[in-house]
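Taken in order, these protein sequences are the chains called A and B.
Take the first sequence: its letters are residues 4 to 240, numbered as in the numbering used here.
Take the second sequence: its letters are residues 4 to 240, numbered as in the numbering used here.
Certain hints may be false.
No copy is singled out in the list; a pair is fine if it fits within one copy or between any two copies.
As the list claims (entries may be wrong) - Straight line, CA to CA, 25 Å or less: simulated SDA-like cross-link-like pairs of lysine to any residue:
| hint | residue 1 | residue 2 |
| --- | --- | --- |
| 1 | K46 | R33 |
| 2 | K169 | R142 |
| 3 | K222 | A111 |
| 4 | K169 | L112 |
| 5 | K169 | P180 |
| 6 | K158 | S38 |
| 7 | K222 | R115 |
| 8 | K158 | G117 |
| 9 | K46 | Q185 |
| 10 | K46 | P150 |
| 11 | K158 | E188 |
| 12 | K222 | I177 |
| 13 | K158 | E230 |
| 14 | K169 | P75 |
| 15 | K222 | V121 |
| 16 | K169 | A111 |
| 17 | K169 | Y148 |
| 18 | K158 | R168 |
| 19 | K169 | D108 |
| 20 | K158 | K169 |
| 21 | K223 | I118 |
| 22 | K169 | A159 |
| 23 | K152 | R232 |
| 24 | K169 | Q195 |
| 25 | K53 | L81 |
| 26 | K222 | D108 |
| 27 | K223 | Y181 |
| 28 | K223 | R119 |
| 29 | K158 | R142 |
| 30 | K169 | P150 |
Calculated directly from the structure, the hints in this document are not laboratory data.
Number of protein chains: 2
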Amino acid sequence: MSAGTLYLIPVPLGAGSAPETVLPSPVLERIRPLSHFVVENAKSARAFLKAVGTAQPLQELQLAELNEHTPPDALERLLQPLRAGQDMGLVSEAGCPAVADPGADLVALAQREGIRVVPLVGPSSLLLSLMASGLNGQRFAFHGYLPAKEPERQKALRDLEAESRKRRQTQIFIETPYRNRQMLESLLQACQPSTRITIATDLTLPREMVLTRSVGQWKKQTPPDIERRPTVFLLLA
Amino acid sequence: MSAGTLYLIPVPLGAGSAPETVLPSPVLERIRPLSHFVVENAKSARAFLKAVGTAQPLQELQLAELNEHTPPDALERLLQPLRAGQDMGLVSEAGCPAVADPGADLVALAQREGIRVVPLVGPSSLLLSLMASGLNGQRFAFHGYLPAKEPERQKALRDLEAESRKRRQTQIFIETPYRNRQMLESLLQACQPSTRITIATDLTLPREMVLTRSVGQWKKQTPPDIERRPTVFLLLA
Numbered sequence: 004m005s006a007g008t009l010y011l012i013p014v015p016l017g018a019g020s021a022p023e024t025v026l027p028s029p030v031l032e033r034i035r036p037l038s039h040f041v042v043e044n045a046k047s048a049r050a051f052l053k054a055v056g057t058a059q060p061l062q063e064l065q066l067a068e069l070n071e072h073t074p075p076d077a078l079e080r081l082l083q084p085l086r087a088g089q090d091m092g093l094v095s096e097a098g099c100p101a102v103a104d105p106g107a108d109l110v111a112l113a114q115r116e117g118i119r120v121v122p123l124v125g126p127s128s129l130l131l132s133l134m135a136s137g138l139n140g141q142r143f144a145f146h147g148y149l150p151a152k153e154p155e156r157q158k159a160l161r162d163l164e165a166e167s168r169k170r171r172q173t174q175i176f177i178e179t180p181y182r183n184r185q186m187l188e189s190l191l192q193a194c195q196p197s198t199r200i201t202i203a204t205d206l207t208l209p210r211e212m213v214l215t216r217s218v219g220q221w222k223k224q225t226p227p228d229i230e231r232r233p234t235v236f237l238l239l240a
Numbered sequence: 004m005s006a007g008t009l010y011l012i013p014v015p016l017g018a019g020s021a022p023e024t025v026l027p028s029p030v031l032e033r034i035r036p037l038s039h040f041v042v043e044n045a046k047s048a049r050a051f052l053k054a055v056g057t058a059q060p061l062q063e064l065q066l067a068e069l070n071e072h073t074p075p076d077a078l079e080r081l082l083q084p085l086r087a088g089q090d091m092g093l094v095s096e097a098g099c100p101a102v103a104d105p106g107a108d109l110v111a112l113a114q115r116e117g118i119r120v121v122p123l124v125g126p127s128s129l130l131l132s133l134m135a136s137g138l139n140g141q142r143f144a145f146h147g148y149l150p151a152k153e154p155e156r157q158k159a160l161r162d163l164e165a166e167s168r169k170r171r172q173t174q175i176f177i178e179t180p181y182r183n184r185q186m187l188e189s190l191l192q193a194c195q196p197s198t199r200i201t202i203a204t205d206l207t208l209p210r211e212m213v214l215t216r217s218v219g220q221w222k223k224q225t226p227p228d229i230e231r232r233p234t235v236f237l238l239l240a
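Produce the complete structure using the sequences and hints provided.
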């Protein structure tokens with residue numbers, strides 16, 4: 004018996020967004036017949052799968068959770084349906100699975116076992132923000148979360164700025180939404196006036212906003228309202 | 004009069020692929036009413052727009068080219084329709100515009116003038132390959148093309164491997180398709196046996212293949228046929 008395929012399923016960036024607004028229709032068609040899923044959060048994954056309209060009734064789907072609480076030795080077991088020949092979907096909380104979320108470990112294990120892995124097209128806040136930033140798209144680096152506390156944060160930002168200047172590399176990072184305002188303040192304190200900073204907020208959502216300004220320009224204007232709104236930060240020195 | 008909006012339009016990764024296979028339907032709806040485009044290559048952009056089915060006849064669309072032959076001082080003029088209140092689409096040759104293509108300069112100029120920039124969801128070979136690699140998706144860097152000649156190439160690969168080890172950072176790069184085989188050979192010579200290397204070929208196409216193996220494993224097996232097939236390379240030490 005041959006192993007199943009692991010499909011990597013992107014989900015909308017805002018809770019409540021309809022899947023068809025951000026997923027191509029062949030991707031929706033791929034998801035519908037699946038009955039086994041590994042998900043970051045069962046409740047929101049069920050809401051997503053309900054909106055997609057799976058072939059099997061929602062209560063008959065097999066959902067296993069994989070998140071920061073999952074012990075590493077539990078990963079093995081999550082692949083069992085694939086080994087038994089079932090196709091399986093990996094669903095993240097928002098955006099693309101295995102990028103900035105715990106799904107990568109499951110994909111690594113699948114790759115190690117020679118299981119076929121198929122990534123499906125969907126929204127990625129990192130990529131959309133990079134596209135719309137106008138910053139260097141030929142060289143860029145994503146760093147996840149930076150230190151939350153000072154003076155570590157200002158130091159991290161100055162290091163990123165120096166590296167950006169040296170390599171002509173766009174630096175991308177994220178913050179917990181309720182600390183977005185503080186992050187922007189830290190950026191404006193830490194960086195040189197000529198450094199360009201992009202704020203990419205609520206991507207693909209009705210209030211989407213992607214603004215690139217130099218630090219000097221940002222300082223002169225009223226800061227945009229980004230508090231508690233999902234935001235990607237980018238800088239290019 | 005208010006300025007138009009610059010839409011960043013992704014296109015399929017393989018020539019001849021139908022747009023609806025990789026673009027969500029609201030993205031197709033966004034493209035259809037547009038009549039002004041900046042494109043990397045007029046011929047392939049026309050084929051794409053024909054397949055999308057624009058509201059206006061193909062021969063009435065305004066297509067301006069932006070590619071490596073465009074002089075920097077010509078960029079200004081390309082924004083003219085936006086300043087005059089027209090919406091405009093930026094279309095790359097494959098995948099997402101302004102990521103690893105010359106469109107970023109146009110987006111930068113639009114941002115500088117305060118023109119609204121809206122990135123649309125579509126396929127990105129970089130992001131799809133990262134998702135399916137199982138390598139670190141929390142920290143990664145894209146480097147574009149590496150040096151084509153030895154010994155510069157082996158040195159570049161060893162530097163990337165050292166950096167990957169130091170930062171736990173996935174390193175992503177591309178190669179001209181007819182040099183893919185050589186790139187894989189260089190990788191296997193330059194890197195440590197335990198370093199994982201992903202080969203992501205023909206993404207979203209019928210012959211798609213994403214394989215992650217350690218250098219030691221790659222050396223033991225027949226190399227996959229990647230010559231002249233679009234491929235993204237990833238490594239994690």
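Checked against the structure, which of the hints given earlier come out wrong?
5, 6, 8, 9 and 10
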